[in-house]
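Chain by chain, the residues:
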Amino acid sequence: MAYILNRFLSVLLTLFLISVITFAVTNILPGDVAMMIMGTQSNPEALAGLRETLGLNDPLLVQYGRWIGGVLTGDWGQSLVFKEAIGPLIAQKVVASSLIVVMSMAIALIAAIPLGVWAAVHRDRWQDSTSSTAALVGVSLPDFFWGIMLILLFARALGWLPSSGFVHPADDFLGAIRHAFLPSLALGLGLMAHLTRMTRATMIGILGQEFIRVARAKGLTEREVVWGYGLRNAIGPVLTVAGLQIGYLFGSIIVIESLFNFTGMGWLTYQALLNRDIPLIQSTVFVIAAVVMLTNFFVDLLYMAIDPRIRLS
Amino acid sequence: MTPIVSIDKLRVTFGSGAGTVEAVKDVSFDIASGETFCVVGESGSGKSVTSLSLMRLVEFGGGQIMDGRLTLHRETGPLDIAAADGDTMRDVRGDEIGMIFQEPMTSLNPVFTIERQLTDGLRVHRGISGPAARDRALELLKEVRIPEPEQRLQQYPHELSGGMRQRVVIAIAMACRPRMLIADEPTTALDVTIQAEILALINRLKRETGMAVMFITHDMAVVAQIADRVVVMYRGEVVEEGPVDQIFSDPQAAYTKALLAAVPRLGEMRGKPAPEPLRLVGDTSEPKPLLPKEDPEPLLQVKNLTTYFPVKGGPMRRHVANVHAVEDVSFTLNKGETLSLVGESGCGKSSCGRSILRLVEPTSGTVILDHQNVLDANHRDLRRLRRQMQMIFQDPFASLNPYMRLAAQVAEPLKNFGLASGTELTEKVAALFDRVELSRDYMRRFPHELSGGQRQRIAIARALAVSPKLIIADEAVSALDVSVQAQVLNLMMELQADLGLSFLFISHDMAVVERVSHHLAVMYLGRIVEIGPRAAIFEDPRHPYTKALMRAVPIADPSRRKLEDDLKFKPIPSPIHPLTFTPDPSQYEEITPVHKVLRVS
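From first to last, the protein sequence lines are chains Y and B.
Here the first sequence stands for residues 1 to 313, numbered as in this note's numbering.
Here the second sequence stands for residues 314 to 914, numbered as in this note's numbering.
Hints listed in this document are in silico derivations from the structure and should not be mistaken for laboratory results.
Every clue listed holds true.
Reference excerpt, derived from the structure (chain Y facing chain B, CB under 7 Å, subset only): (1) E210; (2) V214; (3) K218; (4) G219; (5) D307; (6) R309.
In this text, a Cβ means the ideal position worked out from N, Cα and C, and glycines have one as well.
Could you put together the complete structure from these sequences and hints?
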């Protein structure tokens, strides 16, 4: 329990630091919100008036307090580009992006774990070199390349899946999955390659341990030895690395969502940056950071459930 | 006696094509029920490969049984293990033959409970699970005499000590009442008191169940403690087989004789005035004892040395407690003599050696080397002082840089202190190779081309390069095969005689210590519990811990065996104390002016 509490406190601390950094960075950027709203050709007096109304002349600490207070109470302010409240806007986009992030992670793990185990069990034989080569190709090529290839194959040539757009799962669940599938696969391929290599390396280490020999000496079947004794020990490190990749995925969705015209967080962040929509930039960066932090917190909890050594120390 | 297992002309290879290595060649022997059959040999002798072949586990390590029969004699008729299929082998493993391995710390699966690991075999072979399996697991834990067995079932391996883990591993192997137990170096990684207990446990289980025990070891003293019959292996072949008494009293093969000559035996230095080199097979000259000087001059004086390591805890990684690694340790080492620090793992002997060199910063105390205070020395003085004291580490594989040629590694300290350059440097390095009896051909080679013993010679040459007065040897021969260990020990003693070196010899091996030491300090929980001349400590031990240690040491003499009930050692308490803890100073009772024993408070 002390461990969970410690981890949770460090999550809160990190979130606080992130909020300070995002707030500071957006304030250091040239130009301010008033200028964005009224345009560069506006009347200086009106501009000063707007600055006063928006509280931009207050000390930074007061401005930060107002912003973080709003964030905590659900008032995230107005987007300058979309002219609507940021809270509901982000909530909808988070659903869209979570869909492809979760799906791509699932695709990656479902494929990577068996592949990695298979390569480790047949270490230094053709199975291993095949999977290693495939993984290397997967890691080397960027996501958008896979995205283009997948669109060409599954959308254009075969016509099996839609190549663009987002459908909310509440409206049409199957449609949502269909629309999210190709972007998820494009993201998942690179991730899968990475996780395959990770699973292989961890499994090779585990399979060389003495307790694996002890398990065999008990008369257990190879299936129990590899999948029970072996994978149960290897899964923790693999999940930890997978958790750290969530951050990488939120970086990659900016490109992939644009490619698939998928209106999620990546797309929203891109729009915010393009239009210098400072309140929106602050909020998207903060939300992405928070999601990454919390996911990793949950991965740690999961690791704790898997490995008793962490539970007690 | 009826055999349980007959091995007939076994041949095992590793690799294929030009890289094929024949690990076991034409090995034959029988093992009968109710006997302990020891397979003894040095690394590369093929002893483990033979035992793994019997379980057909050798294939998982890349080995292949090329030839020979491995007959398991069953009531239903003989089974050739070498030709058995996977399902048959899984029935044999864990049911008819149980096996235990060397590393108790890694032999158990860290993520499963003890109960789950104990009952796996019952589930697979007997179809027993649930409460019935739990009862049997509890019974097994009682059989291997684990304290508080009921609590252990739901615990995980990391909550158990090394000795307890090895007991659990034995219980796992015993779960289905196998007719034979294969034990592959089961006590090598254990402290000597725990080793004694585990050996006695295996002996008792054998007596009670009538099973056969195949015991693989490199340690002749362990063989003497446990074997009924012995087979000696060398480079994949059997060189000698016979009853244990005959092997020790009347060895036939030249290799067995050489092996026995290389084993230091506890008690064989009795009545000798000073350490002397082992007399190895082929030595013609009488070994010269290393008599101390008439009026010895102190080289190293350690006073009240104390080293704590901080324990960090909480979210801010605050300093919450201390590991009391070295606690108020004082001793004097004379010029040209050897003082040994002995004790079990965690007793602080290595931390003590490192504190003297200031590889770790001591908390308090004084260390005087040749009238200069080491602990007060500033950075520049410390560098100068370290020239006087060099260290040799345990692992000859990890203590050499794999990317540097050997000559460069030996030359490094000379260059570092600006003591030689150019042709003078080359000559000095060549002379050091001669000094440690290593051919000059090796100068241009890399560490991976050398054996363990040769690497340790390089480590010694590197330490000698700057002509130090003191060498701290931290378990310097522990990782070596016994014949190599003997050569390195003799080399160290020869260097002491020729160069007047002083050694601080840190070791867990009482027999080796008896062989090399002028003085001895026994360490326990960071303190020296007994210190004095070698003869006084070995012939008249006074502290209860010294006595326990002596009682535990296996002796390479089959007529002096130990019983489980004589042992029963107390577990060592934790050296971790809260920050507020103030330890008592170490106070000693003088048995003689030089032989002192810690007062028990």
